[in-house]
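Trainee: Sequence:
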Amino acid sequence: MMRQNWGSDARHRQFMTNGVPEPYASMRDPLPDTLQVLARGRTVFDGTCASCHGARGLGNGEAGSELSPPPSNLVALAAMPMMRSDPYLYWVIAEGGAAIGTGMPAFKGALTSDDIWSVVQFLQAGLPGAGLPGADLPETGGSEER
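So for the sequence shown, our numbering puts the first residue at 1; every next one is plus one.
So the derived label-pair ranges between C-beta atoms look like this: (1) 30 / 65: 33 to 41 Å; (2) 33 / 68: 32 to 40 Å; (3) 23 / 81: 16 to 24 Å; (4) 84 / 46: 14 to 22 Å; (5) 62 / 98: 20 to 28 Å; (6) 113 / 63: 22 to 30 Å; (7) 34 / 13: 30 to 38 Å; (8) 129 / 13: 32 to 40 Å; (9) 109 / 31: 17 to 25 Å; (10) 33 / 66: 31 to 39 Å.
To be clear, the hints were calculated from the coordinates, so they are not data collected in a lab. Note that beta-carbon positions come from the ideal geometry of N, C-alpha and C, so glycine has one too.
From just these sequences and the hints, can you work out the full model?
Mentor: In structure tokens:
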């Protein structure tokens, strides 16, 4: 049975009450919408996020099995329009969950801004090919539009 974890209640309450904080609230993705950016997002996701969120983003990664609250089901979140916005996703990835009591680390010091934006695009696209090596996306090459 697929775990239906929608993420931290504390983050949801913070978002619904206060919105996305500055400087994140006004941020917009500067990267082009290309398959190569999605492929980069998948690569960063696989190397940085999948250990907790699972190879397919279902919140079932081995490293996250002991976390409380458990890692979010990103596939379910990707289907929720409010949770798909550029500012929200960048904020969550950059700041992590320490301020709201989750085990998600802040990635703003570990990833470049472009790496974070590529993961944002990958999540917004519904994690295409996640957990399936080489599926749906080119690994390298040109600038084919998606």
